[in-house]
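Trainee: The residues making up each chain are set out below.
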Amino acid sequence: MEHALSLFVRSIFVDNMIFASFLGMCSYLAVSKNVKTSFGLGVAVTFVLLVTVPVDYLLQTKVLAADGIFGTDLTYLSFILFIAVIAGITQLVEMVVERFSPTLYGALGIFLPLIAVNCAIMGASLFMQQRIEMDPNTSSQAIGSLGDAVVYALGAGIGWLLAIVALAAIREKMAYTDVPKPLRGLGITFITVGLMAMAFMCFSGLSL
Amino acid sequence: MSKLFSKENRQVFAAPLNLDNPILIQVLGICSALAVTAQLEPAIVMGLSVTVITAFSNVIISLIRKTIPNRIRIIIQLVVVAALVTIVSMILTAFAYDVSVQLSVYVGLIITNCILMGRLEAFAMMNGPWESFLDGIGNGLGYAYILVIVGAVRELLGSGTLLGFTIIPEGAYAAGYVNNGMMTMPAMALIILGCVIWVHRSINKEEKK
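These protein sequence lines map, in sequence, to chains A and B. To convert, note that position 31 of the first sequence is 31 in my numbering; the numbers rise steadily by one, no gaps. To convert, note that position 36 of the second sequence is 1036 in my numbering; the numbers rise steadily by one, no gaps.
Simulated from the structure, these hints should not be mistaken for lab results. All C-beta atoms in this analysis are idealised placements derived from N, C-alpha and C, irrespective of residue type, glycine included. You may find that some hints are simply not true.
[To be verified] Label pairs and their calculated CB-CB ranges:
(1) B:Ala1122 / A:Leu195: 27 to 35 Å
(2) A:Gln130 / B:Gln1011: 22 to 30 Å
(3) B:Met1126 / A:Met134: 43 to 51 Å
(4) B:Ala1015 / A:Leu58: 38 to 46 Å
(5) B:Ala1122 / A:Pro180: 39 to 47 Å
[To be verified] Reference excerpt, derived from the structure (chain B facing chain A, CB under 7 Å, subset only):
(6) Val1105
(7) Gly1108
(8) Pro1186
Isolated chain B (complex conformation) (with noise of 0.2 Å):
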């Protein structure tokens, strides 16, 4: 047991929520993190898919790496990929389906999620299976707690709750709170997410140099 959780395995899993941020730092997997952040729920659900798909998949092609050829790599990895995205697609259809509907076509985008490539190239190709594992979960997370904010700000300060139960009470708006439309618009996902990156750079201004 001591093996699995030594201090380099920690590392793998670690290095991506904070030093190492998928979004904030390798800047991988932008299109859906904005697109799909205007509610906190769509959020959620869009960063553990992620989770799930970027852990299996790092699994699988760490378990077939020495086979896969060189030159037609991409392609399977795709391919990969897009099987699991299918069955996660089918499962939410089938489990979740408001937060499906919601979603619509990002669902489908989260095969070509820079992230999952990225970690596919990285590596899976060249560690073990485990390893993988924890990488692709750290990674997954790494952007779900990104995800997360940026919708809790969106949907709280746009529409006054978060996953759909109000927040701001009621008293604030008789005395002439107004909720912020605009922060329900695609473009102020782009500003707080170069707000969130401001301040993590600005954190971690000294531990980078």
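Only chain A is shown next, with the shape it has when bound in the complex (with noise of 0.2 Å):
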């Protein structure tokens, strides 16, 4: 339990998939302009991280490992057969809220489908693989168990959602101010993500 909430509060604020490790940048770039569409899309990442990161951790340890039901190491095959489940769960997704949320729907727009070639889901798949092998005891960010890798997408999850949502309120207010023509636009959310990545630092070290 313990090691549970710790990996949890790490993987949001320590290890955050946008201020630490540059996963998912491409979208957060790009959809950051308001807090609303922000909000739809960090939710969006979140569940189906929550959906591949356990399925990829299973089909790791009960399919590609060497003591799985093929009894061969098949971890060469890891990168298609991850980015498979990623890819079909992203069309689940797609269709799910289409039919339930139509304004998420067309306010997302594009990035939906865009959300299968999101780094920062394929990252936490391959973050997790890595993660396996290291020992619950001395480090807090193994993944021992089904759980673990639960508790992990969904802070990781969380941590995405909270980037995305805080560098929208940002720019949203950053809309009034004189910035040279330049540096407009794509410039400065540069500078500004550097400056909030700076702001995250300060939780490195930080442990339950």
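Two independent chains are provided; combine them into the complex using the hints.
Mentor: In structure tokens:
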């Protein structure tokens, strides 16, 4: 329990997807123009993470690992397998959102199918794959069970959501400021994110 | 031969290097551009890997573009890219182990690099293999040189070295020069890239209008 809590807090603040490993930057920069849409995308990303990471965890430990059902080490197939799972689940989420929330569907537009190629999703699965081998007694990053994988996915998703909503709020205010012309738009956004990342650096070393 | 290097084809190759740069203008493939640039060497390796993968996935998709059903094209593109990335990842592990450890998950993340999908969707699905190859190389190099710039600035100011060789003379340290440890932190990558975009837009201001 203690380990799960520590893993959760770490994955939100210390190992934040955006500020510590720059994952999911493309949609992060493109969608963060207003708070409402960003919140929707953040929720969608969190949801897709919550489904894909545990599924990929099971695939990794039960099928691909050396002691899995095939009895041989098939880890070299993991890229192809993970991306197929992610693309399939994204398709599913897209259909669900279209059915139950047409406004959100309209607002997210092209970005919903693009979650499939969102590095945050693939990145979370690949980090999870690395962390399986860590020792849970010495490292608070280790993922030793399916429960840990769910906790990690939730933490990573919430961290991403937090980051995109914060940036969107800043950008909404920034629309009224007088930024030098060549720096407008993308340039200043990068510098803002850089400053936010510096602020998040003070969480490093945080442990429970 | 002259047809292979016609004006249009040269344009296809050269545009992504400057005016249509994947990182600076199209804002694609940012994630890896930021994460691997703490030093110059992984930045170069990453740039080359992406160039090779973009070029060959463009060629493959362009060759089979007429047989791909429209509805499942994303999955097919992803599988082609994932297969190529698996091969590159294995080659890196075999021949450049230290760098592949440094790059860690970011090699696998080339699959989700938006440059690849963007080029496949926007170019390879509509053009022949040779044009697609040039487009892939052009975009890959356009991506690589930004990585090299950011990587060089961060390594030089952060640890005083380039490719592991000490550049800042001993005398400078004796005179009180200190390496800026902040440069090796992730946050500075964003700020340097922001400045590169700033410079690039200032230079190209007239041409864009």
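Trainee: Now tell me, hint by hint, if it's right for this structure.
Mentor: Do the hints match the structure? See the list:
Taken as a hint, the range 27 to 35 Å holds for the pair B:Ala1122 and A:Leu195, whose Cβ atoms sit roughly 33 Å apart. The hinted range of 22 to 30 Å is not satisfied by A:Gln130 and B:Gln1011, whose Cβ atoms lie roughly 42 Å apart. For B:Met1126 paired with A:Met134, a C-beta distance near 46 Å keeps the hint of 43 to 51 Å intact. Checked against the hint of 38 to 46 Å, the C-beta distance between B:Ala1015 and A:Leu58 comes to roughly 45 Å, which is consistent with it.
Hint check: B:Ala1122 to A:Pro180, Cβ distance near 31 Å, so the stated range 39 to 47 Å is violated. Among the interface hints, the one on B:Val1105 holds; its C-beta lies about 4 Å from the nearest C-beta in chain A, closer than the 7 Å criterion. For the restraint placing B:Gly1108 at the interface with chain A, the shortest Cβ-Cβ distance is roughly 5 Å, inside the 7 Å limit, so the hint holds. At its closest, the beta carbon of B:Pro1186 sits 6 Å from a beta carbon of chain A; the interface hint therefore holds under the 7 Å criterion.
The structure is inconsistent with the numbered hints 2 and 5, although it conforms to all the rest.
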